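Just so we're aligned: 1075 in the working numbering is position 1075 of the sequence shown, and the numbers increase by one with no gaps anywhere.
The set of hints was computed from the structure by calculation and includes no laboratory data.
It should be emphasised that the depicted structure is a prediction, and the values quoted were computed from it without experimental measurement.
We put the beta carbon where it would ideally sit given N, CA and C, even for glycine.
Hints are supplied without guarantee of correctness; some may be wrong.
To be verified - Okay, the calculated beta carbon distance ranges per label pair:
#1 Gln792 / Ala642: 36 to 46 Å
#2 Gln666 / Ala642: 28 to 38 Å
#3 Pro596 / Gly452: 54 to 64 Å
#4 Arg451 / Gly793: 40 to 50 Å
#5 Arg734 / Arg608: 28 to 38 Å
#6 Pro596 / Thr1111: 49 to 59 Å
As the list claims (entries may be wrong) - Below, in silico cross-link-like pairs of lysine to aspartate or glutamate (DMTMM-like), each with a Cα-Cα straight-line distance of 20 Å or less:
#7 Lys471 / Asp1256
#8 Lys471 / Glu523
#9 Lys849 / Glu1155
#10 Lys1144 / Glu879
#11 Lys694 / Asp632
#12 Lys735 / Glu767
#13 Lys934 / Glu879
#14 Lys1156 / Asp1222
#15 Lys735 / Glu788
#16 Lys546 / Glu671
#17 Lys546 / Asp673
#18 Lys681 / Glu654
#19 Lys471 / Glu522
#20 Lys735 / Glu771
#21 Lys847 / Asp1040
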Amino acid sequence: MNGSSLIRASWKGDMSPKQKAARMEEWGQLPLRELSDLERWLKAKSDQFTIVSDIRDAQQTMTIGAIESTNSATQRRNPRPSNISKLSCDYVWNETKTEEIPRVSVSDFLLFHVPVTQDQLWLPGSFQALQPHWDNISRRRLDIDKYFVGLVMATLTEQCVYLEIMLEEYFCNIHPWFSVIIEPGFRKRLSQLHSEPCAETAMLLLALFLATGSNDQNSNDSHRTRVYQIGKYLFSFLQLQRQPSLEMVQSGLLLVLYELRASRLNEASVSVGNCARLGYTLRLNVDHIQQDEESFPWVESEERRRVWCGLYMLDRAIYQIATGFPAPHAVEEPDANFRLPIDDVFCYKRKAPVEGNSHPSFSTPLQVPLCYFAREIQTSRILGQVQMLRRSSDADWSYERFTALDRTLMQFMEILFEQTPGSWAVLCGANATCLASAISLHQDRLSRAARGAISSTDLDTSFLAIRAYIKMVGDICSKFDALEPTRKIPCVPLPAVICTGEAVRTIRYLKGSYGLAFQFDEEPFERVLIYARRTWDLVAIVVEGKTFILNGYNVSYRFYVDESTGDLRSDHFGGSISGLIPDDPAPIINGWTGMPDRVRREFPDQGRGDFRIPAIRIRQSQGHTVSAFRYDSHTVVKGKPALPGLPATFGTEEDVTTLVVHLYDQYSKIEADLMYSIFPKYDAIVRSVSVTNKGNSTITIEALSSMSVDLPWEAFDMISLRGDWAREAHRQRRKVDYGIQGFGSTTGFSSHLHNPFVALAHHATTESHGEAWGFSLVYTGSFAANVEKGSQGLTRVSMGFNPNQLSWPLAPGETLTSPECVSIYSKNGLGGMSRSLHRLYRNHLMKSKFATDNRPVLLNSWEGLYFDINEENMYRMAEESAALGVKLFVMDDGWFGDKYPRTSDAAGLGDWIPNPTRFPNGLAPLVDAITSLKVANSSENLRFGIWVEPEMVNPESSLYREHPGWVLHAGSYPRTEQRNQLVLNLALPEVQEFIIDAISNILNSAAISYVKWDHNRAINEMPSPAANHAYMLGMYRVFDTLTSRFPDILWEGCASGGGRFDPGILQYFPQVWTSDDTDAVERIFIQMGTSLVYPASAMGAHVSAVPNHQTGRTVPLTFRAHVAMMGGSFGLELDPLRMRPDEKAAVPGLIALAEKVNPIVLKGDMWRLSLPEESNWPAVLFISEDGGRAVLFFFQLSPNVNHTMPRVRLQGLDPRAIYRVDEQGPYSGDMLMNLGLQYAFSADYGSKVVFLERVDVM
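Sequences and hints are given; from them, build the entire structure.
Here it is as C-alpha cells:
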C-alpha cells in the first residue's frame, strides 16, 4: 500500500457544527477545550519561552504545523548533539559511560550486547528478554523504522479506506486540542512513510486507528485485537530504544482510550504509567537542560513552547482518564512553582475506590484507594526525580535530595505493597517502578562513593537497602515462575522488564565491585526476562532487503543473498544473537577464499566449484548435471502451507510463520522454492524444497536434500541411532572428522538400521549442558543423512532423499516436493533438544485425537498364542484380561484367510476375510461378546482391537493369484520373498483403493477400537529408483484416508517392531510398537534411545512372559512393568491363563499404577537423568506440563555389593518450590536437584517408581 494513499482523498462526511460537536463528544474522555486556560498557563511560563502570537490567533489558524520548530526529522533523529549526555533518557539505564559502568541501554543490557573483556565488570550472559533482531542484522544493518513501517502498513492494508476517514475525522474535528501534542509535520511524515520511514509515526498511525475506530461497525474485532497486540509491542519497544517524544506520548494516550473502551483495565493502568514516564522524562529534558544556544538551538522559545503545550495537554488528559472528572484549572503557587493538575490526582478524594478485573496471577482484585491509575502516575514522577539526581554531576549531587527521595520512596512503597502483598502484581506497574527507582537511587550513591566523588557516610545503609530490594524482586520472580502456565499473566508489562533488568544490572555491577560480599542467584530474574521475551509479540521472520532472519525463543537462523552472485549465503544457525556479524578476517590467499567450496552456502548446487555434497543434483536433458540457482524473490506467510501428499508439521498463524525463498536457474528454466517454517516456541525450523520444471524438456532429479546447512568450524560430535531388528535405537556418538560421515537407508523404509535423525554437539555437550543441533526427517522412505567437514573446517549437514533411490523424472510443468526436515537448536544439551522435539511432535505433528489422550491398558495375543488363535481361545483370553483390569484386548496375526488360511507366515496375507474355520460366524459375534465384558474395578466395557499388514501379500493368497502385477518387481527378475511375502505396489491407484476398501470393510464389520498396522519386510526389486518415493506417496494417501475416515480408532504403527518409527508415521499413527524385543533390560536401552527424538507418548511398551522369548532372560514382573510404564501405551504381551498366581495377583495393582503414571508420561517433559550406556542405575524423570506433578523411574541393572548407593539428582524442578515425595517431605526443589534421592536395591533388576507433587513455593 502506498504511504501517500493514506491521506490522498478528502473525507466527504457531515462537517456541520452539530456533527462536529457530536464527534467531539465521543472524545469526552479528553475534553481539553479550555484554550483560555492554556493561554493563562503559557503566560505563567513566559520566562521559559517567548509567545510569538496570541493563542486566540493560533486557534483560528491552528494546524499541525501551527507551532514552528526546527526540522522535525532532524530533531527526531538527533534531538541533541551526540557528545552531550544529559539529555539522554533511557530510564534508569542511561548512564554516561565511565570506567566503572559502561553505558548500556535497556535493550542492550537485556540482549547482552555489552562487550566483555577481562578488565570489565560485565559478565557474559545467554538469556534474552527482548527480540534480538532489532538492532543489527549480520553485516547488513536492520532499519528499524523500515521494519515497523512495513509491519504497520501490512497490518492496516485492509483498512485503507477507513484510514482516510479516520485521519480526516482526526484533523478536522479533534485537532484544536491534540495538534499541540503531536509533533509538527505528522501529516507530512505520514504521507512520506515509505520514502522516509519513521517508527514513531507508524506507531501513532496505528494508535489512531485503534482509538478513532473503536465503535466502527465495519471494523473486525479479531483484526483490531491483532493491531492492538502489535501496537503494544511497538510502544514498548520504542520506549526501550528511542528518545521520548510527544508523538510517543500521544500514541500511549490513544492506546489508553482503546484499552478503557475494551475494558482492559490492567493494560490501561500500565499504559498510563508509561505515558507519565515518557512525559516527565521529556519535561525533565526541557526544564533541566544546560542553556547552551549553540548546542541546543531547538530548546529555544518555539520548541520549548511546543513541548510545554504538549505536556500540559498530557497532564490534563491523564487527569481526566484517571479521575473521570474534568481537569481543574492550573494554578500558580506562591513560590512561583507552577502546579499542574496532575499534581493533585493522587490526593483527589471525590473518586470512590475502583475494583478492577484482575488476572489470576494477581493475589487479589486491584483495589486502589483513589483511582485506578493514580499510583502509576505518582511513581512515574518519583522515577523522574531519581533520574534527575542520577544525571546531576558529582558537584551538584545533594545528600538532602537523596534522603528526601529515599524517604518518599519508602513511604510510597509501603502504601503500594499493602495493596498487593507478595504477589506478581508487585512487578506489574507502580510497584515495579518504585523498586527500580529505589535500586537505581542507592546504586547511584554507591557508585559515586566508590570513585570518591561523595562522602561514604552511611554506605552500609545503601548496600543493605539494595540487597533487600533485589531480594524482594528475586522472590517475586521466583513465585511468578512457579505459577502454572494458565495462571501466568499473558504478556509481561514493560515495568516488570525495567525493574527486573535494573535488578540484574545492579547485581552485576556490585558483583564486580564487592565480589563475594554481594552474591545473588540470577536465575529467577533470568527466567522472568525469558518469559517476558516469549510473551511479547514475537516477530518470527524478519526480512530486510535480501537478508532473512528467523527468530525463535532461543534460536536465530540468518542467511542472505550474495549480491554479486545471487547465491544464498548462511550467516548463523544457533543461539539467539543480535548486533553486527563481523566480516571474515581470513586473508585472501591467491584468490582462493571466495571459491564456492570455501563459503557457507544455503542451497549448494553442483558443477560450479563447490566440491562438497550438493543439496540438489539435476541431470539436464543434455546429459550434464550443472545448475545455477539464483535468488528471484521471496514470500512470508502466516501459518504453514501443507506439503502436497506428504506428512508435515502444522500450526496456526500464532504457532508458526513461513518464509518461502524462490530461486531460479535461468539457463535450465528450473525453479526451486525453499520453505522455512519456524515454530518459535520450540526453537524449531522446518525446511523443505519444491523443484518445478519450467523448461521444455524432461529432467531427472538425481539428488535432493530437504535441508542443507553449513556451520562454522567447531569441534563437533555426531549422534545418531543405529540398530537392527529387536535392537533398535542404540545411541552412537562419534567425532566429526574431515571428509564425509554419513548413513541412511536403502531398504525402502526408514528401517531398524538407522533412524532418520542426526544431531551435532560439541564434545563437552551432555544431556543437560551445552549446545546441540538436531535434524529429524519427516519421512518413512529411504533417506540419506550426511555430515561433511570440508577442507576449510566448515561442517555441512544435509538430509533428504537417498540419491540411490530417487532419479525422479520431472516433465515440463511438474513439481517434486521433498519431505520436510525439522531442525532444532538447544542450548540445554541433548535433553533440551529432545524435549523440544517431543513437544513439537505431540502438538504439531500427530493429528490423531489420541496424541495426548490417556491410552487404554491393552493385552496383545501375539506372544501368548502366536498364530494359534480361534474364537474360543480369543474369548477366554479376553475374559481373563478384563478380570485383570485390562481395557483393550488385541487379536494379533492369524485371524484371516479363506482359501489360503493364515495359520503361519506362509499364506493368507492380502485376503482380509475372517478365517471361516477359526471364526465360523465372522468377527462381529466375537467382538460383540468381548466388548460386552466388564473390566474389573471399572465401569467400562472391554474394547477390541485387531492386527493387519495390508501393504504385503503372500504368494499363497487369492489376491496374488488374481493380481500378480500388483506387487513391486523389476521386470523379469525373480521376485525375492522375505518372510514368505512380497510388497504390494502402493504407487498404483488400484492397489491404494483395494487396501482402503478392504480395511474399511473390516472396521465397519464390528466394533473395533484399535488397529495395529504392521510392515514386516524391506522393499526389493523396485521397477525404478523413483518407485520408492512413489510408493510412499501412495502409502501416505492410504494412511490419510483411513485415519480421517475412522478418527475414533486408535492406530498403532509397527514394522517388525521399530523399523518404521519415524516422524512420517507419527502424522497418522500416534503410537508405534517400539521393538519386537520385549526384554525389559533391552527395552531400557531401546526406549531411552528412541526418546532422543520421539516422545514417550508415541512408544508402545508391553510386559511379556519370562523367560523372555527374545533373550531368554528372567526379570521380575515389577521391573518389567516399570520399564513398560515409560511408554505412552502400556500393555501386556502374554497369555494371562499361563501366569503364576502371584503374578496374576500383582497385575491389577501394576495396571492401576500404570494408569496413574500415564497422563504425566503422555504430556509431560522427559528428563533422562542417567543413561544405561553410562550407568548401572538408569533413571528417567517425567514432569507434568504445569510442573505440579512428576514421576521418577529409577532402576538397578546389577547388584552393587558392599558399596554406597548413588543418589539420583533430579532436574527440571523449581528450585524454590516445596515437593512431597511419595507422601514424604516436604523437600525443596533445590535439595532434590543438588543433593538428590537415594534408594537401595538388594538384587539384580531392582526398580522404583516415585511420585512428586509440588505443594508450595518458598
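Query raised in the report: Out of the numbered hints, which ones does the structure contradict?
Result: none
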